[in-house]
Structures are given as structure tokens and as C-alpha cells.
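Q: These protein sequences, in sequence, are chains Y and C. Quick note on the working numbering: the first sequence kicks off at 1 and runs consecutively. Quick note on the working numbering: the second sequence kicks off at 320 and runs consecutively.
Hints were generated in silico from the structure; no laboratory data involved. All clues stand as given, with none of them false.
Dumping the calculated DMTMM-like pairs for lysine to aspartate or glutamate here, alpha-carbon to alpha-carbon at most 20 Å:
#, chain 1, residue 1, chain 2, residue 2
1, C, LYS449, C, GLU351
2, C, LYS744, C, ASP641
3, Y, LYS188, C, ASP718
4, C, LYS744, C, GLU637
5, C, LYS501, C, ASP527
6, C, LYS666, Y, GLU198
Covered stretches of chain Y, going by a simulated chain C footprint (3 or more residues, C-beta under 8 Å):
#, stretch
7, 173 to 186
8, 191 to 198
9, 202 to 213
For every residue, glycine included, the Cβ atom is placed at its ideal position computed from N, Cα and C.
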Amino acid sequence: MTTHVAAFRLPVRITGFMPLIALVTLVAALTVADADFLTQRSLTAALRTAAPLIVLAAGATLVVLCGGIDLSIAALASLSTVLLALWLPDLGALATPAVIAVAATIGAVQGLAHVLLRIPSFIVTLGGLSILSAVALVVSGAGTVRVVDDSTVKWLDLYLGGYLPMSAVMAFVVVAVIAVVLTVTPLKSWISATGYSESAARLAGTPVDLVKVGAFCVSGACAGFAAVMLVSRQFSGGPTMADNLLLPAVAAIVVGGTAITGGHGSVWRSLAGALVVTLLRVGLPIVGVPSAYEQILYGVIIVVAVALTLDGSKVSIIK
Amino acid sequence: MSVPALEVRGLVKHYPGVKALDGVDLVVRPNEVLGLAGENGAGKSTLLKALVGLVAPDAGEIFVRGEPVRLRSVVEAANHGIGMVFQEQSLVPNLTAAENIVLGSEGSAVRRGVYRWDTMRRLAQEQLDKIGSDIDPLARTDSLSFAERQMVEIAKVLRIEERSQHPPVIILDEPTSVLESKEIETLFAQIRRLREFASVVFVSHRLDEVLDVCDRVTVLRGGQSVGEVATAGAVPGELHKLMIGSTGSDDHYHSGAASLVAAEQPRLSVRKLSGRSFQEVDLDVAAGEIVGIVGVHGSGREDVCRALFGAEPTTAGEIRMDGKKIDLPHTRAACAAGIGYVPAERKIEGMVGAMSVADNMTLTKQKARCTGPFVAPKKQATLVDRWIERLSIRTPGRDTAIGRLSGGNQQKVVLARWLVGGDIKLLLLDHPTRGLDIGARSEVYRLMRELAGSGVATVLLADSLEEAIGMADRILVMSDGRVVAEVACPNGGKPSPLDLVKEMV
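Next comes chain Y alone, as it looks inside the complex:
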């Protein structure tokens, strides 16, 4: 039942573009604040920084769309950087797919635990976060693992045409592939139904459990791929390398307007959300906001952005 106050509602057609509008507004505001912001160099830097975040957020978006949450993505990505750095000398080019496969498996295992043991995804992945962080520390010997020969992952740190970071292009490809696969198959209906109303989805014969495990599996794979990007950029793997990406990834998802309660949203929205979050991180210092105020501004803008992008008519209960 939709019993929401009709005080603040935008026409349906506009709300779909709100994340994009928020992004453009932010770029415009940063440019006004400092005309030098809008240079090729800072945009390239922003895109390069955003790439792993986009991939992480895109994967976790699927879990959120199913009505769950994946808190383990950043820890899993950190562990994956360590594994990749350790395996590169022996496996070479195969190390990348191997790491992504392992990460996907770990994601799927968490999904299975959530579905079979009927534990809330919040708890399962909170446990996963802790376990994976510890495993990363153990296998890395609690230190950075240097990559001597990065020839097989270096391609991700190149620039297309000298300007466009390869990692950003690949992040875009990941988002596009997920979005297209969802749209052209019944998966989108299944995921939405599961997220909006699990009981209704189940009684309609939707493979709810399979969909959920699949979402966790893709979320894991994305964490693995984000790790590859990080390693290619840093020439090393570290047990806490991606840890600080968890909250930005969650912020990216909600700033994009995906409902944290499930059902409503898309990976495109998370792409826009990740860019907004990154631009704030990178842009605020560039335009000369003092670091003490930066955090305040960041927090305010995130909250305002969610207020603008969340389509109230589709989400009846805001938790």
C-alpha cells in the first residue's frame, strides 16, 4: 500500500535521470567554485580513481536490488589483491581469471549461507568481512606484497588515446554487460520481484534462492575484478588495500537512487553514484575546500543527493 505524503514528488520521467542530473550539477558546481577544475587532467584522474569503486558498487547493487546488502566486498577485494600479487609470478596471465573466480566463489558461498541457513545478509557479510580481512592478513604475512612483473595486469593501467583510463573503460563495460544481461533476460523481473516482495516472488514461482546466490556471486566477482584494477595501479597487493572503499561503495549505490530496501534501482544509477562520490572526494580538495569542511560538505551532499535521486513513488517504506 502506498501511503506516502504527496508533498514532494517529481514527474516520473525526471526521477529516472536524477542521478545523471546530480552528477552534472556537481561538475558544474565544482567548475564554478574553481574554473581550473574542469581540466582533462583532473577528469582523467577522477575516472581512474572511480574505476574500482564503480565495479564494486555495480556488483553490490545486485545484492541490494534483491533486498540484501553485501558488506564484505571491500574486504574481499583486499584479499583478492593479495592473492593476485601472490599468484602473478606463478600463474601469469591466468592469475587474473583465477582471482576473479575465487572471489566469485567466496561471494556465492556467502549467498548460500544467507539462503540455506536463513541468516540475514547483513550478518553473513559482516562475518565475511571479518573473516576475509583476517585471511588477507594471514596469507600476506600482514604486509604489502610487491608485484615485480606486472606485465599481465598492466593493460588495465594504460590510457585509451592517451586520455581515457583503461580501467574506467572496463568499469563501464562491466556495468553495461550487467545492465544488458538483466534487461534482455527474465533476471530483471526476478531480481525486482525478489527485492520488492520476496513472498510474492516465491509464490509466483520465481527462483528466489538462485537469484540471491547469483547476486552474491556476481558481487564477489566484481570485488575480484576491482582488485585486479587496484593491483595494476599500485604494483602491489595489500591486506587492507580496498578496505576504505566499503562505505563509498554503499554511498554510491544509494546516491544513485537504488532503494536500500530492495527492488528499485539499477547498475547505471550506481555508476552515476560512484562518479558523484569520487568527484566529491577528488574535487573538493581541488577547488580548495579546507579539509575540515570537506567531510561536512561530503556528508551533506550525499544526504541531499539521496533525497533527490530516490524515487519516492516507487519506494513506500524508507528504512
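Following the hints, position chain C against chain Y.
A: For chain C alone, kept in the frame of chain Y given last:
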């Protein structure tokens, strides 16, 4: 004549594609029970929501005791003495009845932020006394029966009397739809008691109830008030005529279309099926046959229905479809076997409110809209439009969110979900007409007949005994989880409700 307790003049409310209210007028006099009748989509829900401040009208005026008011929230409405008992129960299950009653208007029950249990209990008791209820205010809400919870809900709404310092206007939206007949009588006694110090607006789809308990009925159609009937001496037919704007069908249950059941191997054959709340249930349904299962609350019939759809575990027994033994470990297995299920809780379990008509309709039979593994948008559009037309589903379009449709049209989409695949063999209908008006009911009945005619076997858990008798070819009576009687129910030889009640208790 005294000033009306509540008056509505020319209320208008537009939604995208729908004019929900089109200049409604309504007068509620002091100390009267006013009935509100109208088909689904007539604007009843919107009007009620406007009266408690949940919907802001586009035009028109609301007067409380002669004074024009603007109601912007439930709290403002309560301050003016208007309160509503919601269709979906709005109590917090793990709090006591007393806590629920004072929730949101704690007043002197809270001092310096701390609950004063004695005061709270006294305040709650005052409300319960008003309706002469003997419910223990300190009982946990989830330990109460459904009917008792409704009493608590009414008591909660009565708190507004102290708040507004005036006789309250209490709105009851479909209060009887989930009550058993004895509970309904208790509720009606309460309503008559309420009338002594309050005005009541009563909404129900059951016209006999409306006529029974109300002093006067206002009929809505197409967002307008089309008539007013004094209930003394009125008959349901009269009201129905006003509601639909013409005479109703003489043959409500379309029994003329009743199928001839060929005696052959049953489509569904259940032997000694046992589960948590039912034991050794035997059930046969032939192709084209409609079998009703009746029983009081707790008879286990709902669970049998769910078990046949793989949504409730079974411990023993055997299910055969067309003679072949099948296992139903989950709902997907049932879907694959050609079994469809329409749950009683349409809004929660039957449909996904935020998703479109098209997506809801094709949610189960994905193959019907796909080419290979891919969704074919054109195929889906053609398919969905065909069913929208066939079932005359009133919707602005196939992409409209199903939650925006009226109940009857929602239910048709939910039914269509099982039909689009063209492979449906057995339909399990759990209260398929709950909350639907007469017109929509009649259409659902017609559809059921049509499906039966095409060979679909149907298990029906009817909304009322009359409905079971009217629709079913055969009726099983369940009590305490067992089938205790089977009553033949052929056209021309229908049993009376009394015959069934005798078996039920």
C-alpha cells in the same frame, strides 16, 4: 437539523491517468452509522484517505462540525476528531494492547520520557470500557485473536475523543473482510455502541452487512456520489443497482455455464496428505471441476492449499497429477507441473505492487514472453495486451504499476499470470474474491467458469459459504486439519449454508 459532524463538498483528486474523485459530496450526521458503498475504483479508498489526511485533494472542501478544515496528516485529522481503523491492521505485535492504544498519543502516560504503566493501563482501560471490551490491556498484542486486535484498534482510534474534545468520527474500512461470522456480530454490536457517542463511517463490500448495521448509505460511482439510501426496508439489489448503474446479473455465479464433469481419472488426486496443520487429507479434483473447501479459521484448509503449491512442507502422503506421482519441494516444481496459486493476501503475496502489469503477468511463465533465453519485448507486449483485452482489465497501460489498479483489476492480472503460459492444469484459489466488489466478483466467477469449461481443475477456498455453494461442484468440509465431510453441490441440487455449517462445527 443539527450541523453535520463531517461534511465533504465537491472533493476532486486526480492520479496520473485516473480521476479517483470527481466532485464527491458526503454528509455524516452526529450519532449515525453511515455506510459507504461502491465498486472497486469508485473512489472509496481515496475518499477515506482524504478524510484522514493521507491524500491531499486537488479541489473541494471538508467541513468538521460546520468549520472548513484542511487535513494534512493523520495527526491533524485526529485533532479534528476523525480517526480510521485501517484495512491492514496497524498495531505493533510485540507491544501490549495498552501500549498500542496510547501509542502516538501517550499524554500523561509518559512523564519525563518514562512510561507510567499505571496511567497507561488506566488510559487504555478507559478506551476499552467505551466499547465494553474485556481484553486485558497488558496482554501482548500478538497473543490476541484477529477480532480482539480489531477491538484494540478501535479502542486506539477512540483516543481521539479526548484529543479533540468532541464526539469523534470513526471510519471503519472493510473491518469485516477477514472476520468470521460470529466475530462480525460482535463488531456490529460495537458499532451500535459507538453510535451512542460518535459517528461511524462503515465501508464493506458485503451489501447485506452495510444494510444491516448502517442508518444510511451513500453510494459512490466513478468518483461521484450517485445516491443515498435509507437502510430501513432497503434490499441489496437496490444498492447494487446504484453501484453499477444498472441491474445486476440475475445469475451472479454464472451457474448456467457450470461444467458437466466427466467421470474419468481425476486431474488431481491427493491421498493421506499430512503436514503441520492438517492430517490425512484425501482430495480428488477432475478436469473442469470446481471443488470448494470450507472450514472455520484453523481448519487447515489454507495450508492444504499451500502444500499443493509446494509452499508448505508435507510430512506424509501422495500427490498425483493426471495419475503421475509428483513431488512439490518448492513452488517452482508446482509451477512446472501446471499448478497455479492465487494467494489470499493479494497485496502482499499475490502481486508485486511496484512492478508493472506486464511484469506481474509474465513473472511466472517467463517462456511466454521470451525467445530462447531472451525477453522479446514485442512478444511480451502482444501477449499482455491480448490478456488485458480478454479479461477486460482496466489499466492505463501494460506498463502501469499494478499497485495503481483497483482490487478487481489487480486480481485479474494475478489470475492472468497463470493463464499466459497456456499450460495451466490446476488452479488453487485462496479467497480469490476477497476485498472485491460485486461487479469484480462476478467477473472473477465468470473467468473461473470459463477456465473450468476449458478443462482446468479448480480448488476454491471461498470467501463465504454462499460463494462456495454457488461456485463449487462439490464441497469438502474441513475441521481441525481433517476432511470431515463431502457434500455434493450440483446445479439444481445445491445444499443450504446451514447444511454445511452443521458439518463444520
